[in-house]
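J.: Residue numbers (this note's numbering), protein chains in the order written: chain A, 1157 to 1434; chain B, 51 to 323.
Worth flagging that the hints you see were computed from the coordinates, not collected in a lab.
Incorrect hints may have been included.
[Stated by the list, open to error] Keeping only pairs whose Cα atoms sit at most 20 Å apart, straight-line, the calculated DMTMM-like set for lysine to aspartate or glutamate is:
| no. | chain 1 | residue 1 | chain 2 | residue 2 |
| --- | --- | --- | --- | --- |
| 1 | B | K288 | A | E1269 |
| 2 | B | K288 | A | D1362 |
| 3 | B | K288 | A | E1277 |
| 4 | A | K1345 | A | D1362 |
| 5 | B | K290 | A | E1269 |
| 6 | A | K1172 | B | D273 |
| 7 | A | K1228 | B | D298 |
| 8 | B | K284 | A | D1232 |
| 9 | B | K290 | A | E1285 |
| 10 | B | K110 | B | D298 |
| 11 | B | K290 | A | D1232 |
[Claimed, not checked] With the C-beta cut set under 8 Å, the calculated list includes, among others, these residues of chain A facing chain B:
| no. | residue |
| --- | --- |
| 12 | R1234 |
| 13 | R1235 |
| 14 | G1260 |
| 15 | E1262 |
| 16 | A1265 |
| 17 | I1271 |
| 18 | S1293 |
| 19 | G1297 |
| 20 | G1409 |
| 21 | I1412 |
All C-beta atoms in this analysis are idealised placements derived from N, C-alpha and C, irrespective of residue type, glycine included.
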Amino acid sequence: MKAIEFCDVGFSYEEKGTFAINGLNFSVEEGEFVAVLGHNGSGKSTLARLSNGLLMPDRGVVRIFGQTATAKNLYDVRRNVGIVFQNPDNQTVASVVEDDVAFGAENIAVPREEIGVRVQEALRAVGMEEFRGATVSRLSGGQKQRVAIAGVLALRPRIMILDEATAMLDPRGRREIVDVVTRLNREEKITVVLVTHFMEEALLADRAIVMNRGEIVMTGAPAEIFRRRDALTAYNLSLPRILRICEALRRGGMEIEDTLEGETLAKEIVTCVSGQNT
Amino acid sequence: MLKDVSFGQYYPVESFVHRLDPRTKLLFVIAYIAAIFLSKNFYGLAACAAVLFAAIGFAKIPLRKIVRSMKGVLFLVVFTAVINIFFYRSEGARILWEWKIFRITAEGLIFSGFLIARLFLLVICASLLTLTTTPVSLTDGVESLLTPLKWVRFPVHELALIMSIALRFIPILMDETDRIMNAQKARGADFETGGPIRRIRAIIPVIIPLLLSAFRRADELGDAMDARCYTGGKNRTKYKKLRFAAGDFAMFVLAAALIAGVVLMRIYLGAPV
């Protein structure tokens, strides 16, 4: 079943202005992990906001599990589609971790006893159980963002969108978030849309979509996408570090194939070096 | 510069007073204030003071914290006392010293002492509340106590949410102010010298970006709340429900006893002067 479906969607922030998103057609299957790539202003955040009814399309339709998103069923759409934003500080409502996680569940009138259960489960899913009573402002960026994910999980959504949720984090925080999201997708079978401009994060996805000027310009398995370096450069995207290392090694005279696996690269280097010695 | 401004003065220890329901503490403070004003003599105030210092003991609050809260109102207390010492007028008061319109009487001195004791008890009681209750649970308490106002369509839930979001953003905006000031200092701004007007003018370039950023944050927070299905106070459940425990009922009994005692002393033991 299609979790998210865009049919010829157009959206503009200003009346009669240029379209931030233009004639967009794409879909995400239930249980899929999709990475949306693109440089600033490519329309990837607009796509995220259109997916959960924060924005309504000017043209075309957005369907969530077959249901067309309209102003009337906004509530149902948002229950199914959770979204985590970029700035961890600007999406927590309460000062205490568990109160913030409970906020969404309170909004959809979950009975009190069940909220406790949901808070516990959501915090366990992001590995923040021991911080239940902690003050949000004392947490690290990665921890705050994991609390934000838990706050969305408490609504038990079937789709989770991360709108540049790792952009303001340090490498360690980014790692934490990517691990949590990957696990949610594999174990909890939550459909994940990861909007990002970090190429490394896209490697974990089943499928990657590249956006440029409000249109989808490339789609396919991450490994395939990264093979087309010229196109990526044209869309102002940088290659994952491992591919840049491969390239540098080739320039240095080693015969090395492009690979996305660190292990494989290490073996190739070893073969290459030992080959030269004999 | 702003690092040492810790907001609120919550003193985190485990104690009987800390565990009390915030509503109990709020109601007790109100009852206590009533008791102070119902006291007409030192016996009544002594009873109030005894209760208060017992509470401080139970709350495990160090005395220096209490002294610090007294310092905050020292000027007000001294000012009130001085006015009362010099201008106390009453029939048959024993005059100790007189010069032009200034007159010190024995009764005036006693009365001022009475006022000072009253003010200090008031302030210590209020700060005991904030020392033993987190701002968050105070907000919960206020929301719960205001619930009856929902009948007259007063937006109690919204007010409480505004209060708690404000509390949530205080540390964030403090950090931000610090950052903006540092950025301005790096560009040669000077916040520490000059007269008051100059200093206030130096603050303007800090206030404007701070306001802009606050609006941007509010916008993003609104989106995040929308995304989590927030639609206002209607059809909403509440995760944390305040519950009165045995200790809370004990406090109600204590408050009633204090007021009754003070009233009895007022009737049978007379005024201080």
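J.: Take the hints in turn and mark each one as holding or not.
T.: Now for the hints, and whether the structure bears them out:
no. : hint              : verdict
1   : K288/B - E1269/A  : 10 Å, holds
2   : K288/B - D1362/A  : 39 Å, violated
3   : K288/B - E1277/A  : 18 Å, holds
4   : K1345/A - D1362/A : 13 Å, holds
5   : K290/B - E1269/A  : 10 Å, holds
6   : K1172/A - D273/B  : 24 Å, violated
7   : K1228/A - D298/B  : 46 Å, violated
8   : K284/B - D1232/A  : 17 Å, holds
9   : K290/B - E1285/A  : 18 Å, holds
10  : K110/B - D298/B   : 18 Å, holds
11  : K290/B - D1232/A  : 25 Å, violated
12  : R1234             : 5 Å, holds
13  : R1235             : 6 Å, holds
14  : G1260             : 4 Å, holds
15  : E1262             : 5 Å, holds
16  : A1265             : 5 Å, holds
17  : I1271             : 5 Å, holds
18  : S1293             : 4 Å, holds
19  : G1297             : 13 Å, violated
20  : G1409             : 46 Å, violated
21  : I1412             : 44 Å, violated
In this structure, the hints that do not hold are numbers 2, 6, 7, 11, 19, 20 and 21, in rising order.
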